[in-house]
Structure formats: structure tokens, C-alpha cells
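Undergrad: In order, the protein sequence lines correspond to chains A and B. The first sequence begins at 1 in the UniProt record's numbering and counts up one residue at a time. The second sequence begins at 1 in the UniProt record's numbering and counts up one residue at a time.
Hints may be right or wrong, so weigh each one.
[What the hints assert, rightly or not] Pairs of lysine-lysine residues, derived as BS3-like cross-links and limited to a Cα-Cα distance of at most 27 angstroms, are as follows: (1) B:LYS89 x A:LYS4; (2) B:LYS188 x A:LYS4; (3) A:LYS99 x A:LYS4; (4) A:LYS99 x A:LYS195; (5) B:LYS90 x A:LYS4; (6) A:LYS168 x A:LYS194; (7) A:LYS94 x A:LYS168; (8) B:LYS188 x B:LYS89; (9) A:LYS194 x A:LYS99; (10) B:LYS270 x B:LYS188; (11) A:LYS94 x B:LYS89; (12) A:LYS4 x A:LYS31; (13) A:LYS94 x A:LYS194; (14) A:LYS195 x A:LYS94; (15) B:LYS270 x A:LYS99.
If you're looking for bench data, these hints aren't it; they were derived computationally from the structure.
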Amino acid sequence: MNAKLFQLWCLMSVAILLLCLSLVIGFIVIKGAPTLGLSLYFGDTPMLEAILGLAPIWDGIWPACIGTISVVLGAISLAIVPGIATGIWLTYAKASIFKQALELSVVILAGVPSILMGLFGFTLIVLLRNTIAPSANSSLLLSSLCLAMLIIPYLSVTTRTALQALPKSLSICASALGMTPWQQQRYVLLPQAKKGIVSGVMLSIGRAAEDTAVIMLTGAVANAGLPGGIFERYEALPFTIFYFSSQYQSQTELNMAFGAALSLLCFTTIIFSSASAMARR
Amino acid sequence: MMAERLQQICSAVVLILILALFGFLFWFALPVFINPNSSTFSLAWQPEQGQFGILSMLAASCLLGLVALIIALPVALGVCGFCQLEQYKKYSVWIRRLIRFMAGIPTVVYGIAAVFLLVPFIRETFNQGSGFSLLAASLMLVLLILPVMVMVLDAYCQPLTARLSQTAASMGFTSPQLLFHVTLPAAKPAICSAALLGFSRAIGDTLLPLMLAGNAPQLASSLFDSVRALTAHIGLVIATEHGSAEYNSLFAAGFLLLCINLFITLSVRKLGQSQQQGAGKKVRSDLALATTQVTNVNTSINTQSCSDNRQTT
Chain A
1 MNAKLFQLWC LMSVAILLLC LSLVIGFIVI KGAPTLGLSL YFGDTPMLEA ILGLAPIWDG
61 IWPACIGTIS VVLGAISLAI VPGIATGIWL TYAKASIFKQ ALELSVVILA GVPSILMGLF
121 GFTLIVLLRN TIAPSANSSL LLSSLCLAML IIPYLSVTTR TALQALPKSL SICASALGMT
181 PWQQQRYVLL PQAKKGIVSG VMLSIGRAAE DTAVIMLTGA VANAGLPGGI FERYEALPFT
241 IFYFSSQYQS QTELNMAFGA ALSLLCFTTI IFSSASAMAR R
Chain B
1 MMAERLQQIC SAVVLILILA LFGFLFWFAL PVFINPNSST FSLAWQPEQG QFGILSMLAA
61 SCLLGLVALI IALPVALGVC GFCQLEQYKK YSVWIRRLIR FMAGIPTVVY GIAAVFLLVP
121 FIRETFNQGS GFSLLAASLM LVLLILPVMV MVLDAYCQPL TARLSQTAAS MGFTSPQLLF
181 HVTLPAAKPA ICSAALLGFS RAIGDTLLPL MLAGNAPQLA SSLFDSVRAL TAHIGLVIAT
241 EHGSAEYNSL FAAGFLLLCI NLFITLSVRK LGQSQQQGAG KKVRSDLALA TTQVTNVNTS
301 INTQSCSDNR QTT
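Using the sequences and the accompanying hints, generate a full structural model.
TA: This is the structure we're talking about:
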């Protein structure tokens with residue numbers, strides 16, 4: 001009897017989930033879809049000039065898109081080498097105190113709320129300003145650094161999982177052929193685990209692109225135009241959505257927020273689904 | 001040799017970065033702890049009189065997490081249960097995909113949808129306050145933490161169900177009975193980890209409390225009160241002011257958050273380790289145990305059906 005009741009509850013909770021999710025997604029699509037178009041991204045500026053950066057863009061989210069892309073690229077390029085190297089090292093290193101400490105701190109870092117990364121970046125700037133660089137300010141580089149810290153655990157955990165999933169016979173066979181550990185990694189193990197690692201990289205791209213708390217504290221602003229350099233402040237999609245949804249002054253700005261939300265949703269959906277498709281193959 | 005050295009250096013860099021994160025937050029929060037006159041750990045929030053108490057925010061964060069958890073846990077159990085049931089196998093693939101899709105939805109998208117959908121709904125239905133409330137933020141947090149919880153539960157229950165399904169079928173168990181009487185009771189540690197992880201995600205999220213909870217630094221007396229979470233406090237103060245006395249409260253809030261999450265991460269890890277050890281020891285006795293459980297339940301079901309039969313005749 002109880003089992004039957006629980007089965008009913010299972011059906012009900014799935015129904016609730018589907019209902020809520022379709023409400024949220026449907027709302028975003030209905031509000032966002034009509035705004036999609038060239039004018040959402042470029043405002044009144046002609047497209048070609050806008051892309052080439054010849055003319056400033058006022059009522060468009062193109063600068064925010066470029067800002068997000070550049071901050072994500074920065075974060076990935078900072079994080080990819082340490083993240084993956086940590087993953088490899090954690091898989092193959094012999095047990096030691098250093099390894100235990102690193103393992104534990106990666107796990108802890110994965111659970112740290114993203115706003116604390118932002119706060120870390122903020123304290124870093126405060127410290128720099130008080131000591132060696134009085135002119136230091138929150139910037140694209142700082143955001144990239146903090147986002148990199150956010151995604152390092154993802155990178156190293158996925159790399160490690162991918163390497164651990166490989167059959168033991170592979171490395172035994174490689175050593176029987178006389179390969180050194182490094183040759184094994186370089187020519188056998190890493191190529192075999194490539195798909196898992198790449199899907200981990202894509203997961204972290206998605207994670208970095210969607211995060212708002214970090215960039216809010218470390219340099220994203222509402223009106224900066226196209227990013228001028230790594231020491232400048234910049235615009236970013238999630239921050240634009242957040243800013244315009246709470247401080248909109250006209251219907252156009254609100255529409256921009258919905259258009260940006262739909263664009264961001266599409267972007268993260270594509271990234272995450274291709275990551276999971278890659279992991280499955 | 002070179003390459004190994006390189007990997008070691010990278011690992012060391014990562015470790016140093018992580019330690020720097022903890023060190024910085026601790027160092028900046030230190031003045032609060034050594035200053036006995038500091039009013040940071042109090043309920044009073046009166047910026048005009050220099051009192052920046054963050055306890056109400058701590059309470060708000062915990063309350064948000066708890067309310068979200070209370071709603072999310074049954075739903076997560078239900079969704080996970082749905083994925084284990086034999087008769088819905090066709091749909092469970094899609095539900096799992098949907099859950100993975102949900103995990104990728106940016107929080108700010110949930111936020112903007114709730115500001116224009118849920119908040120007016122709460123305002124008009126309950127007629128209390130502005131709608132920016134504990135309830136609104138908690139409801140959206142439920143959507144945010146559901147994927148994590150379902151994934152943790154499913155990762156534990158799916159292999160268990162696969163292992164037990166044949167035994168159970170041979171004992172005449174239907175799939176819901178197996179789920180309810182064997183799989184779920186056996187999944188207690190996974191349920192604990194799921195709850196802890198969900199709670200820590202809910203506490204750690206910034207955007208939803210910031211956009212939906214109203215941000216009034218006070219103790220909530222009802223679900224419709226406006227509250228300010230620790231994370232939202234950090235975001236608000238940095239976004240609005242530079243170099244004021246509020247800064248200490250900021251770092252204290254960050255430090256508190258860090259401690260809470262540290263505690264939860266370590267507990268989840270401990271749970272997982274004891275799970276693994278337990279699994280290693282009783283891989284073989286597991287089936288036997290499950291079988292006795294199944295038999296017990298089965299006899300009770302049999303007696304029940306006997307009595308049912310008697311009643312009908």
C-alpha cells in the first residue's frame with residue numbers, strides 16, 4: 001500500500017518538476033524570442049561597424065557577449081594547464097602528505113561558494129592597492145583569475161575521473177613495451193582519456209560563463225562598451241541580465257534583459273549538452 | 001622526469017592558490033574576532049550607530065537553505081524513485097537528460113524568470129508585502145538544488161536497483177515495492193549526502209537571494225518577510241560602497257560562509273568514505289541482507305494479502 005502511495009508521489013513530483021521547469025523556460029522563451037534579432041545585439045549601429053569596433057553600441061548586448069567570451073577565454077587559458085596537470089598528478093603520484101593535502105583542498109575548493117572567489121579577488125585588489133600597486137583596480141584579468149579558481153576543481157576532477165576509468169591493462173601493456181611513465185601518459189593514457197578531459201573543459205566553460213557572483217565583485221559593470229584591455233572593466237552577459245532586470249528604466253532595457261537571458265540560456269545549453277554527448281561517446 | 005616535475009609545480013601552484021584563498025579571507029576577518037567591542041556578531045543592524053550585526057543574515061541564510069531543503073528533498077526522492085521504476089524506464093532516460101539540462105541553467109535566468117513570474121504571483125495571491133520574500137527565494141532555490149540532489153541519489157540508487165532487481169523479482173516483488181522497502185532504506189547515506197550538498201548549494205548561491213529575497217537585514221517572522229542572506233550581503237555592500245566600516249562585516253560574513261561550507265564538504269566526504277568502506281566489506285553480504293529484508297517484507301505482504309482474501313471471502 002505504502003509502495004503504491006510512493007509510486008504516486010514519484011509520478012507527482014516528476015509532474016511538478018516538469019510543470020515548474022516548463023513555466024520558467026517557457027516564460028523566458030516567450031519573453032525573449034520576440035526580441036532576438038540584430039537590433040538586440042547591435043542596437044542601431046550597423047552590424048559590420050559594430051563587430052569591427054568602429055562605432056560604439058548603445059542599445060545592444062554585443063559588448064556584453066564579447067565581454068563574457070573574453071573573460072571565459074581568459075579564465076580557461078589560466079586554469080587549463082594547472083587544472084589538468086593537477087588532475088594527472090593526483091591520479092599517478094604516490095601517496096604523500098602533499099598529495100593528501102592537495103586532494104582535500106581541491107574537494108573543498110569545489111564546494112566553496114562562488115561569491116567567496118569574488119571576495120578573494122576583491123581582497124587581493126585591496127591588498128595590492130595598499131602595498132605595491134596603488135593604481136590596481138578590478139579588471140578583466142582579475143575576473144579571469146577568480147573564475148579560473150572556480151573552475152580548477154572541475155578540470156582536475158574530470159581529468160582524474162577520465163584517467164581512472166581507463167583499464168589497468170593499458171598502462172601495464174605500455175610499461176611492458178618499455179615506455180617510461182611520461183611516454184605512457186603522453187602517447188597512450190592521455191589520448192585515450194581525451195574525450196573525458198575535453199568534456200570536462202567544456203563543462204568548466206559553461207560554469208564560468210554562467211557565474212555572476214564572481215564577476216559582479218571583480219570588475220563587471222553595466223556600461224563599459226567593448227572590453228578595452230585586460231586591465232579595463234568590462235560588460236558581461238549574466239551581469240547585464242542581473243542589472244537590467246532590477247534597474248530597468250524602459251521597456252527596451254527590459255527586453256534586452258530577456259533577450260540576453262535567452263541567449264545565455266542557449267549558449268550554456270549548447271555547451272553542456274555537447275559536453276555530455278562527448279562524455280557518452 | 002621533466003614532465004612530472006612540471007605537473008608537481010602546477011599542483012603546488014594550485015595548492016598555494018587555495019591556501020591563499022583561505023588565508024586572505026581569514027586574515028581580513030581576523031579584526032572582527034580579536035576586537036571584543038565589535039558588534040558584528042549581533043542582531044543589531046543600525047548603520048547610523050555603527051552597528052553592523054550579521055547574525056540576522058546568518059539566520060536568513062540557514063532559513064533559506066532549510067526551507068528550500070524541506071521542499072526539495074521529497075521532490076528529489078520522488079524524481080529519483082521515478083527513474084528507478086521498471087514501468088517508466090522509457091521516460092526515465094529523458095528525465096535524467098532533463099536533470100542534466102537543469103544543472104546547466106544559469107542562476108540568473110532563474111532569477112529573472114522569478115522576478116517577473118513568481119514574485120507578482122506571490123504578491124497577488126497572498127497579499128502580503130511586496131512578494132520579494134523568503135518564500136520566493138526558497139522556491140527558486142529548490143529548482144537550483146534539485147539537479148544536484150537527484151544526481152547524487154540516482155548515482156547511488158541506480159546500481160543498487162540493477163543489482164537487486166532480479167532477486168526481488170524472483171521473490172515476487174513489484175518494482176515500486178522493491179524501491180520503497182529495499183532501495184530507499186538502503187540509500188540513507190546517499191540521502192544524507194544529497195541533503196547536505198543541496199543545503200550547501202542553497203546557502204552558497206548569491207543571485208537568487210539577492211534578486212528575490214528583498215534584502216532587508218532582519219529576522220524573518222513569516223515566509224513572506226523580506227530577508228538578506230550572507231551571500232547577498234557581500235554582493236550588496238561591495239556593489240554599493242567603497243571603504244566604509246561595513247567592510248568588517250563583509251569579511252566576517254565571508255568567513256562564516258567558508259566555515260559552513262568547509263564543515264559540509266568534510267561531512268559529505270566522511271559519509272562517502274564510510275559508504276565505500278562499508279560497501280567494500282559487505283559486497284557479498286549485501287545481497288544476503290537484501291534477501292532477508294525482502295523475505296521479511298514479503299511475509300508481511302503475504303499475511304496482508306491473506307487477510308485481504310479472508311475479508312473478501
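Undergrad: If a hint holds in the structure, say so; if it does not, say that too.
TA: We went through each hint and held it up to the structure:
1. About 17 angstroms separates the Cα atoms of LYS89 (chain B) and LYS4 (chain A), which keeps this hinted pair within 27 angstroms; it holds.
2. With a C-alpha separation of about 20 angstroms, the suggested pairing of LYS188 (chain B) with LYS4 (chain A) holds against the 27 angstroms cut-off.
3. This hinted pair does not check out: LYS99 (chain A) and LYS4 (chain A) have alpha carbons roughly 49 angstroms apart, beyond 27 angstroms.
4. With a C-alpha separation of about 25 angstroms, the suggested pairing of LYS99 (chain A) with LYS195 (chain A) holds against the 27 angstroms cut-off.
5. For the suggested pair LYS90 (chain B) and LYS4 (chain A), the alpha carbons sit about 20 angstroms apart, so the restraint of at most 27 angstroms is met.
6. For the suggested pair LYS168 (chain A) and LYS194 (chain A), the alpha carbons sit about 17 angstroms apart, so the restraint of at most 27 angstroms is met.
7. A distance of roughly 16 angstroms separates the Cα atoms of LYS94 (chain A) and LYS168 (chain A); the hinted pair therefore holds under the 27 angstroms criterion.
8. Distance restraint check for LYS188 (chain B) and LYS89 (chain B): the Cα-Cα separation of roughly 23 angstroms lies within the 27 angstroms cut-off, and the hinted pair is therefore satisfied.
9. The suggested pairing of LYS194 (chain A) with LYS99 (chain A) holds, with an alpha-carbon distance near 24 angstroms, which does not exceed 27 angstroms.
10. Distance hint between LYS270 (chain B) and LYS188 (chain B) is fulfilled; the C-alpha atoms sit about 14 angstroms from each other, no more than 27 angstroms.
11. Taking the CA atoms of LYS94 (chain A) and LYS89 (chain B), the gap is about 43 angstroms. The hint is violated against a cut of 27 angstroms.
12. A threshold of 27 angstroms between alpha carbons decides the hint, and for LYS4 (chain A) with LYS31 (chain A) the separation of about 40 angstroms lies outside it, so the pair is violated.
13. Between the alpha carbons of LYS94 (chain A) and LYS194 (chain A) the distance comes to roughly 23 angstroms, so the proposed pair stays at or under 27 angstroms and holds.
14. Of the supplied pair hints, the one linking LYS195 (chain A) and LYS94 (chain A) holds, its CA atoms being roughly 25 angstroms apart against a limit of 27 angstroms.
15. With a CA separation close to 18 angstroms, the supplied pair LYS270 (chain B) and LYS99 (chain A) stays within the 27 angstroms bound.
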